[in-house]
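First to last, the protein sequences are chains A and B. Residues are numbered in our numbering as their position in the first sequence, beginning at 1, plus a constant of 392. Residues are numbered in our numbering as their position in the second sequence, beginning at 1, plus a constant of 392.
These aren't lab readings, by the way, just hints derived from the structure by calculation. A portion of the hints provided could be inaccurate.
It does not matter which identical chain is used: a pair holds within one copy or between any two.
To be verified - No more than 25 Å apart at the CA atoms, straight line, and that leaves these computed lysine-lysine pairs for BS3-like: (1) Lys482 - Lys431; (2) Lys431 - Lys414; (3) Lys431 - Lys481; (4) Lys482 - Lys414; (5) Lys431 - Lys410.
Computed from a predicted model, the values in this text were never measured in an experiment.
Number of protein chains: 2
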Amino acid sequence: MPSPLENAVETLIDVFHKYAAKDGAPTMSRSEILTMFQKEMPGYVSVRNFTLMSNMDMNNDGDVDFLEFIIVFSSLTIVCNQCFVEHLKKA
Amino acid sequence: MPSPLENAVETLIDVFHKYAAKDGAPTMSRSEILTMFQKEMPGYVSVRNFTLMSNMDMNNDGDVDFLEFIIVFSSLTIVCNQCFVEHLKKA
Numbered sequence: 393m394p395s396p397l398e399n400a401v402e403t404l405i406d407v408f409h410k411y412a413a414k415d416g417a418p419t420m421s422r423s424e425i426l427t428m429f430q431k432e433m434p435g436y437v438s439v440r441n442f443t444l445m446s447n448m449d450m451n452n453d454g455d456v457d458f459l460e461f462i463i464v465f466s467s468l469t470i471v472c473n474q475c476f477v478e479h480l481k482k483a
Numbered sequence: 393m394p395s396p397l398e399n400a401v402e403t404l405i406d407v408f409h410k411y412a413a414k415d416g417a418p419t420m421s422r423s424e425i426l427t428m429f430q431k432e433m434p435g436y437v438s439v440r441n442f443t444l445m446s447n448m449d450m451n452n453d454g455d456v457d458f459l460e461f462i463i464v465f466s467s468l469t470i471v472c473n474q475c476f477v478e479h480l481k482k483a
């Protein structure tokens with residue numbers, strides 16, 4: 393049985409390909425990203441105030457590849473960790 | 393209930409702090425990293441052939457902070473995704 397950390401690796405790959413595959417291309421389009429965040433990270437990202445595509449599509453090719461997806465996921469995780477550490481300090 | 397992707401964020405924060413906290417510092421020492429990989433990613437990383445500390449400790453301060461941990465985790469995930477995509481092509 394995979395550990396939670398191994399599960400996290402598999403989750404990232406599964407989720408990316410689940411939404412990227414909708415139009416057959418190995419990247420995520422704007423609509424695929426919106427759908428992914430609404431369904432997969434409702435608690436983290438309010439789609440209205442998160443200018444998704446411009447932030448994620450770092451090479452401006454109109455799509456988000458796996459590397460760009462991981463960079464945004466990592467950035468969100470780092471921000472969450474900062475909140476967690478701040479919370480610990482106040483506790 | 394958190395989604396799998398939200399769970400992955402929480403897992404990364406939980407695992408880092410579980411091992412980083414052993415010596416009270418908010419970073420991971422060499423021994424904490426070895427223990428983490430052996431316990432949390434046995435299927436992914438053979439500790440013998442993965443020169444951990446030198447790869448992870450990018451600012452060479454002798455410890456691995458959360459950002460460095462996320463960079464290594466992301467790199468592993470990207471490599472796993474490449475294997476997954478190659479596998480898909482052969483299938």
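Quick one: Lys431 to Lys481, C-alpha cut-off 25 Å, is that within a copy, between copies, both, or neither? neither (32 Å within a copy, 28 Å between copies)
Taking 25 Å as the upper bound on the Cα-Cα distance, should Lys431 and Lys410 be classified as within, between, both, or neither? Answer is within: at 12 Å inside a copy they meet the 25 Å cutoff, but 29 Å across does not.
Go through the copies and call it for Lys482 and Lys431: within, between, both or neither, with a Cα cutoff of 25 Å. Answer is neither: 32 Å inside a copy and 30 Å across each miss the 25 Å cutoff.
Checking Lys482 and Lys414: alpha-carbon separation at most 25 Å within a copy, between copies, both or neither? Classified as between; 20 Å across copies, 44 Å inside a copy.
Is it within, between, both or neither when you check Lys431 against Lys414 at 25 Å Cα-Cα? The answer is within: 14 Å in one copy meets 25 Å, while 36 Å across copies does not.
Consistency with the previously given hints fails for numbers 1 and 3, ordered from lowest to highest.
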